[in-house]
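Protein chains in written order, with my numbering: chain V, 1 to 336; chain C, 1001 to 1502.
Because the hints were derived from the structure by calculation, they are not lab data. No residue lacks a Cβ here, since even glycine has one placed at the ideal position from N, Cα and C. Worth double-checking, as some hints may not be accurate.
Covered by chain V, according to a simulated footprint, are these stretches of chain C (three or more residues, beta-carbon under 8 Å) [to be verified]:
id: 1; stretch: 1315–1327
id: 2; stretch: 1337–1345
id: 3; stretch: 1349–1363
id: 4; stretch: 1366–1379
The calculated lysine to aspartate or glutamate pairs, modelled on DMTMM-like cross-linking and capped at a C-alpha distance of 20 Å, are [what the hints assert, rightly or not]:
id: 5; chain 1: C; residue 1: K1208; chain 2: C; residue 2: E1185
id: 6; chain 1: C; residue 1: K1342; chain 2: V; residue 2: D207
id: 7; chain 1: V; residue 1: K327; chain 2: C; residue 2: D1061
id: 8; chain 1: C; residue 1: K1208; chain 2: C; residue 2: E1170
id: 9; chain 1: C; residue 1: K1324; chain 2: V; residue 2: E319
id: 10; chain 1: C; residue 1: K1362; chain 2: V; residue 2: E252
id: 11; chain 1: V; residue 1: K3; chain 2: C; residue 2: E1458
id: 12; chain 1: C; residue 1: K1324; chain 2: V; residue 2: D207
id: 13; chain 1: V; residue 1: K108; chain 2: C; residue 2: E1109
id: 14; chain 1: C; residue 1: K1149; chain 2: C; residue 2: E1185
id: 15; chain 1: V; residue 1: K2; chain 2: C; residue 2: E1460
id: 16; chain 1: V; residue 1: K108; chain 2: C; residue 2: E1328
id: 17; chain 1: C; residue 1: K1252; chain 2: C; residue 2: E1460
id: 18; chain 1: C; residue 1: K1362; chain 2: V; residue 2: E303
id: 19; chain 1: C; residue 1: K1342; chain 2: V; residue 2: E206
id: 20; chain 1: C; residue 1: K1362; chain 2: V; residue 2: D207
id: 21; chain 1: C; residue 1: K1324; chain 2: C; residue 2: E1298
id: 22; chain 1: C; residue 1: K1440; chain 2: C; residue 2: D1219
id: 23; chain 1: V; residue 1: K327; chain 2: C; residue 2: E1394
id: 24; chain 1: C; residue 1: K1324; chain 2: V; residue 2: D217
id: 25; chain 1: C; residue 1: K1127; chain 2: C; residue 2: E1109
id: 26; chain 1: V; residue 1: K322; chain 2: C; residue 2: E1394
id: 27; chain 1: C; residue 1: K1149; chain 2: C; residue 2: D1061
id: 28; chain 1: C; residue 1: K1444; chain 2: C; residue 2: D1169
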Amino acid sequence: MKKNTLGIFGLLIAIFVVTAVLNDKFISAYNMQNLIKWSSLYAVMSIGVAFVIITGGIDLSIGSVVGLVAVVLAYMMKVKGINPSAAIITTICMSGLIGLVHGLLITKAKIQPFVVTLCGLLIYRSLSRWLTDNQSLGPVPLEGDKGYTNLEFINQLDFIFSGKIAIGSFNLPTPFLFLLVIGITAALFLNRTIWGRYLFALGNNEDGARYSGINTDNMKIIAYVICSLMAGIAGLLFAFELDSVQPAQTGEFYELYAIAAAVLGGCSLRGGEGSILGVIIAAAVIRLIYNSINMLGISTHLEFGILGIVILLGVVADEFLKSYSAKRAAAKQQEP
Amino acid sequence: MAAGRTPLLEVRGLCKQFPGVRALHHVSLKLHPGEVLALIGENGAGKSTLMKILAGVQPADSGEYHIDGETVAFLNVRDALASGVALIHQELNLAANLDLAANIFLGREPNRLGFVNDKATHLEAAKYLKRVGLNLPTETLVGDLPIGKQQLVEIAKALSCDARVLIMDEPTSSLSQRETETLFEVVHDLREQGISVIYITHRLSEVKVLADRVTVFRDGQNAGDLSQEEIDHDAMVRLMVGRELSEFYDRKIHEPGKVILELDKVRSPAHPHTEISLQIHAGEIVGIAGLVGAGRTELLETIFGVTPALGGTIKVNGQAVHPKSPEEAISAGMALAPEDRKLHGLVLPMTVGENASLASLKRDQNNGLLNFEAEKDVANEAVDQLQIKTPHLEQVARFLSGGNQQKIVLGKWLALKPRLLMLDEPTRGIDVGAKREIYKLMEKLAGEGIAILFVSSEMEEVLGMADRALIMHEGAIAGELNRSQLSEEAIMQLATGTSLAA
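Only chain V is shown next, with the shape it has when bound in the complex:
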């Protein structure tokens, strides 16, 4: 484990222990299951944005993509009565396509990532509301709902995306399995493939990477596609998790949680740095803080404030650590 990953892991343990000591309900199976479920959902999005941040870019549209995917999925299944597998494939392709468009606009039209994805944030949110006339709806029929086809299959899907697997007396939420597969794949991609190395290289020095024969445009496009795909998968998970998807609210501000987790997990917004394990732990820390605030009876109005302070402290500590070790390395260099 890298030093900063170790640091953030320590933070996770510290908050966990303090909360557990102060409130014995915290470590109840029910609370743990919830914590794992929400951490997994957030971590999937955070992994996606980590790819983009490693290239030195940003994606502000994640929350709106989550919302749009959830809304379109529910819309297709409920209003149009489309086969669930077709709906899932369509929404996943749609999220990939969104990433492709972002990537092309950023690399070929040379528009800044902030601007492209900010416009995306506005456009996809508005699409969700327009498509549904801002009425809430879900992929799983509630009592009295009509229009769905293949109900048995929908129930199976509901189990796959938001079910629980009993392991003894503990019910493991299925989103955790998604996170496991995605996390391992992402870590392998970043650390074991040439493309992962290219992403780090171009994040550190895009020109240097290009002069070394790396197709930097394609690599950046891939990063944006991965980011939107992860948001799309998160959108599916959220859609099945929530009884009803709110076109105006579902996924709102999630991009900020995802970016916060990526930064806290060791990604530099300057690009070229990041670890998947760190990002996953950081996403868990963010959910844990939220949970602890509830458990310890702290006013929920303070939630954002506490989150902001923790992230700020984490990043400041990381910078200090880095400049300290850089100085030490430089000093070492001068000795001989």
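For this one, chain V is given, so just place chain C on it according to the hints.
Then chain C, alone, in the frame of chain V:
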């Protein structure tokens, strides 16, 4: 000259260390009133560092600095200016959107309660412009002036601060012949007015014309001084390289093989109306000389696909290729060690190993997976073959010296066994030892049949290393000189656009 008097400026035992590099080691320098001192030395000899210390841009680690016999310690450029020491940067620091008067008094505008006194500004500015021989309306925008005149404005600005010592860092590197002559006249006039000048240059012919005395640096140390009578080309070069030339540039002439690179009427985006045609053979080392801004780097970048050609044909090994990106150029067998190593050549925050293998990852991959073993082999071979001084492969490239960084760049390319190796200012910012190793490597690679095309602003490098030199002027190849025709004068004539006959 004036040996008995107190020098106007004197430094003794100056030391300066950068991470991994000893830039200056117990350096001394003397400058008398009204003296033009030429400061010469190869790239990386420490001239620029010394200049920056003299002008207060950065502090020395240790050593003495006297002005008028009094110890000074400049914390910043303002301090140095107050003592009369002004640096004329190689890259001029003028605001193109402001007029001459505003530029000369930028930050020191004659004012009343914060309101600029325009009349006084223009009257005063005219006075200083006249001293450098510029008879232009003070309302002229700086951006409308050619580079040579801008430089004179910069000098006028220094004079307006009551500068007594002007430090000029390669002032002629982008000037035409005509502009250079004007600058020389101005320097002569300034000397008459009692202003001292420290003149840094790569052009030894200029030294003879201008200098009262020469101080030579080599590898961050004093290599010797020459008085006006002693100034002569060979003497200067001997001091600069520390040995006889033939030993330093150890060249054998190889029988040129088949044509490796052929350009036919290639037009680069930087000079869209100029057609370039050339041929480079296997085993040949061809130098490209010319002024800064003549389009040399742009030509290499067009060949390498960084800025793809607008027209014409590029052939490698007889096959037409039209690289639209470095990726395509590399697969055609080309390699480029770019001019700006830190920006284009390396990924500084990554390790030596990662940098050395970056270009060959694709070749060595296992279906997209990194081949760690092959990667390590590539890196180790680069370190061994080029004698890169690094504690281990995991060392971050940023912490290596310029010479070792350049070797990583070269190692990265050699792993791919290119047919054509292009080098843009291959020895900029590199110490003499590493320089010699890079020359040896070039010689060895040429012997193995690689075609080498290099750009250099260092006259000695072109004279010493090139089998043949192409001289560029305003985006075009102004002429070609083979080894027997090569001389500083011949290159300068072509580079500045004066015909050989003149």
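Is the straight-line distance between the alpha-carbon of K1324 (chain C) and that of E1298 (chain C) 20 Å or less? 14 Å, holds
Assess, step by step, whether the Cα of K2 (chain V) is no farther than 20 Å from the Cα of E1460 (chain C), and give holds or violated. It is violated: about 49 Å lies between the C-alpha atoms, which goes past 20 Å.
Has the given pair, K1324 (chain C) with D217 (chain V), been kept, meaning a C-alpha gap of at most 20 Å? 13 Å, holds
Is the Cα-Cα distance between K322 (chain V) and E1394 (chain C) 20 Å or less? Judged against 20 Å, a Cα distance of about 17 Å means the pair holds.
Between K1149 (chain C) and E1185 (chain C), is the straight-line Cα distance small enough, at 20 Å or below? 13 Å, holds
Residue count check for the stretch 1315–1327 of chain C against chain V: does it reach three with CB-CB under 8 Å? Coverage by chain V holds here, the residue count being 3 at a Cβ distance below 8 Å.
Mind checking, does the stretch 1366–1379 of chain C have 3 or more residues with a CB under 8 Å from chain V? With 3 residues closer than 8 Å to chain V, the stretch 1366–1379 of chain C meets the three-residue bar; holds.
Agreement of K3 (chain V) and E1458 (chain C) with the hint, judged by alpha carbon distance not exceeding 20 Å: 46 Å, violated
Can the restraint linking K327 (chain V) and D1061 (chain C) be considered satisfied, given a maximum Cα separation of 20 Å? 17 Å, holds
Between the alpha carbons of K1444 (chain C) and D1169 (chain C), is the straight-line distance 20 Å or under? Distance ~34 Å between K1444 (chain C) and D1169 (chain C) Cα, so the pair is violated.
Has the given pair, K1324 (chain C) with E319 (chain V), been kept, meaning a C-alpha gap of at most 20 Å? Outside the cut-off at roughly 39 Å; violated.
Between K1208 (chain C) and E1185 (chain C), does the CA-CA distance stay at or below 20 Å? Holds - the C-alpha atoms of E1185 (chain C) and K1208 (chain C) are around 14 Å apart, at most 20 Å.
Violated hints for the displayed structure, listed by number in ascending order: 9, 10, 11, 13, 15, 18, 27 and 28.
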